[in-house]
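Protein chains: 2
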Amino acid sequence: MRMSQLSAESGVAIATIKYYLREGLLHQGEQVAATRAEYDESHLRRLRLIRALLEVGRLPITSIKKVIEAVDDETLPVHYMLGTAHYAISPVVEAGEGEEWAAAREQADRMIDDLGWQVSRNAPGRDELAQTLVKLRQLGLETDLTPYAQAAHQLVTEVELDTIPLDGPRDAAVEALVLGTVLYGRAFDALRRLAQESESARRLKVSPPGPGDA
Amino acid sequence: MRMSQLSAESGVAIATIKYYLREGLLHQGEQVAATRAEYDESHLRRLRLIRALLEVGRLPITSIKKVIEAVDDETLPVHYMLGTAHYAISPVVEAGEGEEWAAAREQADRMIDDLGWQVSRNAPGRDELAQTLVKLRQLGLETDLTPYAQAAHQLVTEVELDTIPLDGPRDAAVEALVLGTVLYGRAFDALRRLAQESESARRLKVSPPGPGDA
Numbered sequence: 001m002r003m004s005q006l007s008a009e010s011g012v013a014i015a016t017i018k019y020y021l022r023e024g025l026l027h028q029g030e031q032v033a034a035t036r037a038e039y040d041e042s043h044l045r046r047l048r049l050i051r052a053l054l055e056v057g058r059l060p061i062t063s064i065k066k067v068i069e070a071v072d073d074e075t076l077p078v079h080y081m082l083g084t085a086h087y088a089i090s091p092v093v094e095a096g097e098g099e100e101w102a103a104a105r106e107q108a109d110r111m112i113d114d115l116g117w118q119v120s121r122n123a124p125g126r127d128e129l130a131q132t133l134v135k136l137r138q139l140g141l142e143t144d145l146t147p148y149a150q151a152a153h154q155l156v157t158e159v160e161l162d163t164i165p166l167d168g169p170r171d172a173a174v175e176a177l178v179l180g181t182v183l184y185g186r187a188f189d190a191l192r193r194l195a196q197e198s199e200s201a202r203r204l205k206v207s208p209p210g211p212g213d214a
Numbered sequence: 001m002r003m004s005q006l007s008a009e010s011g012v013a014i015a016t017i018k019y020y021l022r023e024g025l026l027h028q029g030e031q032v033a034a035t036r037a038e039y040d041e042s043h044l045r046r047l048r049l050i051r052a053l054l055e056v057g058r059l060p061i062t063s064i065k066k067v068i069e070a071v072d073d074e075t076l077p078v079h080y081m082l083g084t085a086h087y088a089i090s091p092v093v094e095a096g097e098g099e100e101w102a103a104a105r106e107q108a109d110r111m112i113d114d115l116g117w118q119v120s121r122n123a124p125g126r127d128e129l130a131q132t133l134v135k136l137r138q139l140g141l142e143t144d145l146t147p148y149a150q151a152a153h154q155l156v157t158e159v160e161l162d163t164i165p166l167d168g169p170r171d172a173a174v175e176a177l178v179l180g181t182v183l184y185g186r187a188f189d190a191l192r193r194l195a196q197e198s199e200s201a202r203r204l205k206v207s208p209p210g211p212g213d214a
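Same order as they appear, the protein sequences are chains X and F. The first sequence lines up with residues 1 to 214 when you count with UniProt numbering. The second sequence lines up with residues 1 to 214 when you count with UniProt numbering.
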């Protein structure tokens, strides 16, 4: 297809497509004449991935470049390619210092080991978990997160990983990982708040709201 | 206790305590002499609540005022007091327009009804869920969120609501709701990412990383 059709099918403006081509985020089309290049499905898939990283992952262009490099490096195993995208969309947490931090990080690491999870020592989730544990401890709140870990494990193994096509095109796998991580996370957060309200109403014996919610 | 001791025990600077007194966020102490007021446990609890709303809930002072008003209004049932805080810390989602939005909001409402949840028609979680459903549909992703709803329901009924003291001081209940909603949500998010990495490693048969994570 021509660039105009690629733009129409992807919903990405021609000027933007040209920018992605210049930045090397999108691979060049096949030059079929001096002023004409042909684009195909692989270009559509790449544009979908870039939009997912940009609009849902909210990544800056420099981070998108790193993810695209991992996608394009066919010698990089799929697991590490997915990890590059996964780490890029993770919240940035600075590792802390001092005994309190060390104890929390150790608790996070021990929990992951006890669960038998296979996770890199450098996974940003470890520091994210440690930071939350520090805060929970300081506030005197329960720090046994086992029920949360079990719920997360069940959702991931029974539902989430099945939504990622591990055998197909590399772009599609990364796109599914990013969209799923962000959007199902957002959905879970909303559902958890709704469930809290419902359970509060049940325990405090609030009569069901009427149609006008008086 | 004197204000200096209130400051020491709460970790809140005297100038900040005076600001909260002026703004009406903190109730006045008992005037025991012309230049001296006595503060008690209720002031400590209130300062804990303000800090929770400010530092963990990340609420602006105007929103904190509204939550404090709900706490101070003893005629407001506990469920609605908790709801005021809960809605204040929820992400702001603008209700959308058009058929696509209406269909998503209807799907969200139907799901909540099917689950038998008792949730106000005005709960911000409904629009949050609808917005996520619109995005999932546009991207051609699975919109059956039942497994997420079930996991959320289980965590909330078996763990989360038990951490909220519904019979004690009103400040303490709101504080526990805010801290629990935000911090356990953050913990779950980190755990979900870690579980994803682990399951990806398992499915893609990556050998366990060594101590140096080579």
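I should point out that these hints are in silico values taken from the structure, not numbers from a laboratory. It is possible that some hints are incorrect.
Pairs involving identical chains hold if they fit within one copy or between any two copies, as the list cannot separate such chains.
As the list claims (entries may be wrong) - List of simulated lysine-lysine pairs, DSSO-like, C-alpha gap at most 30 Å:
id, residue 1, residue 2
1, K65, K18
2, K65, K135
3, K66, K18
4, K205, K135
5, K65, K205
6, K18, K205
7, K205, K66
8, K66, K135
Each hint, compared with the structure:
1. K65 to K18: Within one copy, since 15 Å is at most 30 Å while 50 Å is not.
2. K65 to K135: between (34 Å within a copy, 24 Å between copies)
3. K66 to K18: within (19 Å within a copy, 50 Å between copies)
4. K205 to K135: neither (32 Å within a copy, 35 Å between copies)
5. K65 to K205: Between. Shortest inter-copy distance 27 Å satisfies the 30 Å Cα cut-off; intra-copy 54 Å does not.
6. K18 to K205: neither (60 Å within a copy, 39 Å between copies)
7. K205 to K66: Classified as between: cross-chain Cα gap 24 Å, same-chain 53 Å, threshold 30 Å.
8. K66 to K135: Intra 32 Å, inter 25 Å, cutoff 30 Å: inter-copy only.
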